[in-house]
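Novice: Sequence:
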Amino acid sequence: MTIKEAQEVVDKWIKEYGVRYFSELTNMACLTEEVGELARVIARTYGDQSFKKGEKPNLGEEMADVLWVLICLANQTGIDLTEELQKSIDKKTQRDSERHKNNPKLKDHNDSKLKE
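If you read the sequence shown in the working numbering, its first letter stands for residue 3, the second for the next number, and so on.
Please keep in mind that the hints were generated in silico from the structure rather than gathered at the bench. Treat the hints with care, since some could be wrong.
Said to hold, decoys possible - Distance condition first, Cα-Cα at most 16 Å in a straight line; then the derived EDC-like pairs of lysine to aspartate or glutamate:
# : residue 1 : residue 2
1 : Lys54     : Glu39
2 : Lys6      : Glu86
3 : Lys6      : Glu85
Model the full assembly from the supplied sequences, consistent with the hints where possible.
Specialist: Structure representation (structure tokens):
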């Protein structure tokens, strides 16, 4: 599924099952909530915390929930995420084409990962 198709599928779902989009402010609060849930799973999976009884490592589900709400916000504000993502990639490529390659902190990190 392309990003454009995802935006269309979410829009169709909202109109068929969701009645209407929540307000932009409500969706921003929902996005914040979903990012927090994603952070919780990452902290328990890759950090020092452990899962509580009944919790599960549902990383993909939480990422999809973040994407869902982000797509809702894009749809209701008229943003073409495909176009904006391409602009972001172009900007980062132009700005950072050598920056990360020349960052000794990243080189050291990559070298230590290779040793593991």
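Novice: Check each numbered hint against the structure and report the violated ones by number, ascending.
Specialist: Hints that this structure does not satisfy do not exist here, as all of them hold.
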